[in-house]
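Residue numbers (full-length UniProt numbering), protein chains in the order written: chain A, 1 to 522; chain B, 1 to 445.
Simulated from the structure, these hints should not be mistaken for lab results.
One or more of the hints may lead you astray.
Stated by the list, open to error - Using C-beta positions, here's what the derived DEER-type ranges look like:
| hint | chain 1 | residue 1 | chain 2 | residue 2 | range |
| --- | --- | --- | --- | --- | --- |
| 1 | A | G285 | B | A260 | 35 to 43 Å |
| 2 | B | S303 | A | L512 | 48 to 56 Å |
| 3 | B | K413 | A | A176 | 52 to 60 Å |
| 4 | A | G285 | B | D259 | 53 to 61 Å |
| 5 | B | G318 | A | S416 | 36 to 44 Å |
| 6 | A | V289 | B | R410 | 42 to 50 Å |
| 7 | A | S416 | B | Q424 | 51 to 59 Å |
| 8 | B | A260 | A | L512 | 25 to 33 Å |
| 9 | B | S21 | A | G285 | 55 to 63 Å |
| 10 | A | A176 | B | S303 | 41 to 49 Å |
| 11 | A | V289 | B | A112 | 23 to 31 Å |
| 12 | A | Q189 | B | A59 | 50 to 58 Å |
| 13 | A | V289 | B | D372 | 52 to 60 Å |
What the hints assert, rightly or not - Under the rule of at most 20 Å between Cα atoms (straight-line distance), these lysine to aspartate or glutamate pairs were calculated in the EDC-like manner:
| hint | chain 1 | residue 1 | chain 2 | residue 2 |
| --- | --- | --- | --- | --- |
| 14 | B | K252 | B | E229 |
| 15 | B | K413 | B | E209 |
| 16 | B | K272 | A | D408 |
| 17 | A | K395 | B | E268 |
| 18 | B | K272 | A | D421 |
| 19 | B | K272 | A | E180 |
| 20 | B | K440 | B | E24 |
Cβ atoms here follow ideal geometry from the backbone N, Cα and C, with glycine treated the same way.
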Amino acid sequence: MSWGVNWKASVGLLGVGIKYLAVTMLVPLVVALAYGEDIWVFLVSMALVAAVGFAVERVDPDPDLGPREALLFVSLAWLAAAVIGTVPYLLAGYGTASTVGLHTGSFGALAGGIVNALFESMSGFTTTGATVLGEISTDRHSHALMMWRQLTQWLGGMGIIVLMIAILPEVAVNGAQLMESEAPGPELQKLTPKIAETARALWLIYFGFTVLYIAILYGLHLVGMAPNMDLFNAVAHGFTTLPTGGFSPEADSIAAFSAAVQWVVIPFMVVAGVNFALFWHVLRGEAEVMLKNAEFRAYAGALAVVTALLAVVLFRGAAPAIELGGATQGVAENSLRQAAFQIGSLLNSTGYATADFAQWDTHAQVILLFAMFIGGSAGSTGGGVKIVRWLIVGKAIRRELFTSAHPDVVQPIRLSGSVVDEDAIRGIMAFTLLYVVLFALSAVFISLDTARIGEQLTVLEAISASLATIGNIGPGFGRLGPFGNYEFFSNASKLLMIFLMWVGRLEIVPVLAVFISAIDTR
Amino acid sequence: MHVVIIGAGEVGTSIAASLASDHEVVVVDVDPDRAEQLKYELDVLTIAGDGTTSEIQTAADVGRADMVIACTDNDQTNLVACGTAKTLGEGFTIARVKSTDFLRTWEGNEGAFGVDFMVCTDLLTAENIVRVIGLPAAIDVDPFASGLVQMAEFEIAEGSPVAGQTVSEADRFESLTFVGLFRDGEMTIPRGDTGIAVGDRAVVIGSPESVQSFATDVAPETTPDRADEIVVVGGSEIGYQTARLLEERDFKPRLIERDADRARWLAENLPKTVVMEHDATDTEFLSREHVDDADILVTALRSDEKNLLVSVLAKRLGVDRVIAVVDSPDYVTVFEEIGIDIAINPRTVTAEEITRFTYESVAENIAVLENDQAEVLELELTEGCGLTGRPISEIVAESDARFVIGAITRNHKLVTPRGDTVLQAGDHVILLAESDAIGKITSMA
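Bound-form chain A, shown alone:
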């Protein structure tokens, strides 16, 4: 079975990546040492992963990737990262009641534990933020494991392939093709002649924002404005805000922190949904590139409009007085903060929460659902359809309407003043349609499968389960709300959601293209 691709090359290169993934486990190891926790979980994990890496690398020691091999490599890399990411969960949970641990009691327990670990790990790397980790607290799980959970999101945020291109010369050779398949958005923006330098620039900006953010959070703690934001929490949230991740080691997410912290988190979530290439221009003194960028303007506009709408709805009392989030009816500051936070979190797919919006009135939840459909910008760490695609879809529809009255008019579609290639437009239309179809079919499957195991999902729950995973958002509505979890789903539904997170992060096409070429080898 050839699959029409030289799979050995793809897998061989995968080994290189897995090897280096072992190195990243030093971070939780350091945390384990600092808190005097069991270091064997991560030592064993590192050894295991490194061994697998070296073994896989031997499949093809000198990999040379063509276009199809690149697609396969990128798809496999994300799957492999998720699988590797399960190792610490499984080991740490061995012999405990952890939902993500390795349980050898029965086949059902074994499979359930493994699927849960894979779900948590995939949710981490794809920066989704949906969780099956029953109880979220550092009392229940070690600090080291919680930090690993946070770290997976940070690694996945700017893209593991981009990171590999930035630091591994053997990957940089085919860098442009790989980055094209991984980078969110319709096209690859090369900032510098060398792709490795582009990748490095993006990661440095990402790294710089993360450091700044951690410093501000911890600074707030030091000046006494954020009692709960200790160094562990500052770093943990630093790892999941810029990648639009959404994991928090606190069960109450950002609601566990003061209003000051919440106000600090909002701008950084917004930044995470911006095309990082634009920051590169700003750093070079070309701020006008950012201000004139059509997608950035649309992103800022969408945030402002939807936030204003939600703030008004909350001010008028759409959020019943609930335990978390506080009263918003007639309280302007809290209405605005809750609206800005939730929209800043859901529109670009972060998934943090400062209020249990699953308990809000339906009309407020529908506004959130609408925001979830929008997505971040191309080249950001956000998921979803992406602003730029909606802009182009809108322009293409307007052109269709205009040309049906004037059939001879030739009208290219422009974005920020430059013409968008017709092939790119076709690709964008296909992607958007595919996204919607996949989302709808999955919602149907999930609700049927859940009924099979004797649970009933509400319409909002079914829709949000599908949308929150394919869009890498995380929380949904009802039982899937920001303080709920995905644990009650059957293994089949969880596997589908793992698939949705995977294809959602890679924007569907690379993964499906590999499947298609496998089926159709002519």
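Once you've looked at the hints, dock chain B against the given chain A.
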């Protein structure tokens, strides 16, 4: 002056013709028959051969030339010819190009390719078309003194308020001078009491605003308006440049181009233009898109026959004004006779632009009127020349050359010439003169 002209096509021939009487002209053409033929038509020396080579240029005595004009149909040939000329001598080089890309490169670094002055035929033609569109009642418009002064030629139509008036009645604008009047193809220098009749062509020189106001007087109904519907037919380089310049002037033109790829290219490069991909000779299409409602239609197709067909169709459908690009100078009259409002010939335009450089350094700018009967030129006066230090009335009385001073710019400000105005060194003088008198006037300056 020793002038070498490379390329004896229409442009080259036209330039040679206007220089032959006063200068020593050598024409080089790659076609021996053409070179032979030209030898009898004009009083010039002709050389058959490749004008880009040192060998032929040496034979044409380029080393001694004051000016080398490369005006073949091929951009690269012209550029190489100028480059070669620079290796042989110090002559002023002029290259004719079609590509605006070469022009942009050259503008960014004058002297690039060894070219001292570059004329872009298509851009020049488009600029001409757009000026004509901006002043709809004018037959010909040319800018002088970097745009401070305009020369315009108007035909007095039936029902024009100006018809029947005398020149002094019509010329009621402070900064406008009536410099010439053509009746039945004959030029007269107008006096205050000269009457203006229907069918006359009046030439005025003045500030752009006064020319505009005069245009409104001559033809109040055709005053240009930003809301006017302008259609450009044909996406040739001229059509493209015309649409681009119209966009710059806040118009939103429509452009019709038949070729799909070209139409796509145009649409991509003309964001404010509505580009339509269709054959402009399809009358069903023209009426479907309401081209008949257009105020102005420009035909810039690649063949004269097509331009003629589309122009006639547009006129029949009821387009107000039709401006046609005519590739062959012989057809210009034909076009205008059958009712096309303005026929513009790119080669004539180019030849005019190049000729203006041949009046040594004193003449800066020139426009040729009515089949070379008269020319409007701009002179920069130098210290101690024959025109400074005396009132204009005295100069006119002394000289037997027929000319009228239309406008003066002094320190970038317009000075309206009167009989007692005294010219100074450094003044730019824009005047109309009979072709025969040009030599005399430039020698005085």
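Evaluation of the provided hints:
The beta-carbon spacing between A/G285 and B/A260, approximately 42 Å, falls within the hinted interval of 35 to 43 Å. Here the CB-CB span from B/S303 to A/L512 is close to 51 Å, well matched to the stated 48 to 56 Å. Between B/K413 and A/A176 the beta carbon distance is about 58 Å. The supplied range of 52 to 60 Å therefore holds. Restraint check, A/G285 to B/D259: a C-beta distance of roughly 42 Å breaks the suggested window 53 to 61 Å.
Between B/G318 and A/S416 the C-beta distance comes to about 41 Å, which sits within the given range of 36 to 44 Å. Roughly 45 Å separates the CB atoms of A/V289 and B/R410, a value that falls within the hinted 42 to 50 Å. In this structure, A/S416 and B/Q424 meet the distance hint of 51 to 59 Å, their C-beta atoms being roughly 52 Å apart. Distance hint check for B/A260 and A/L512: the Cβ-Cβ separation is about 32 Å, which falls inside the suggested range of 25 to 33 Å.
Between B/S21 and A/G285 the beta carbons are some 60 Å apart, a value that agrees with the proposed interval 55 to 63 Å. A C-beta distance of roughly 45 Å is found between A/A176 and B/S303, which places it inside the suggested range of 41 to 49 Å. Checked against the given bound of 23 to 31 Å, the beta carbons of A/V289 and B/A112, roughly 30 Å apart, stay inside it. Range check, A/Q189 to B/A59: about 56 Å between beta-carbon atoms, so the 50 to 58 Å window is met.
Evaluation of the 52 to 60 Å hint for A/V289 and B/D372 yields a pass: the beta carbon distance comes to about 53 Å. Restraint check for B/K252 and B/E229: satisfied, since their Cα atoms lie roughly 8 Å apart, inside the 20 Å limit. Between B/K413 and B/E209 the alpha-carbon distance is near 14 Å, which keeps this suggested pair within the 20 Å criterion. In summary, the hint linking B/K272 to A/D408 is supported, as the alpha carbons are separated by about 16 Å, within the 20 Å threshold.
A C-alpha spacing of about 15 Å is found between A/K395 and B/E268, which places the hinted pair at or below 20 Å, so the restraint holds. For the hint pairing B/K272 with A/D421, the CA-to-CA distance comes to about 18 Å; that is within 20 Å, so the pair holds. Between B/K272 and A/E180 the alpha-carbon distance is near 32 Å, which puts this suggested pair outside the 20 Å criterion. Under the criterion of a C-alpha separation no larger than 20 Å, the hint pairing B/K440 with B/E24 is consistent with the structure, at around 18 Å.
Hint check: violations occur at hints 4, 19; the rest are consistent with the structure.
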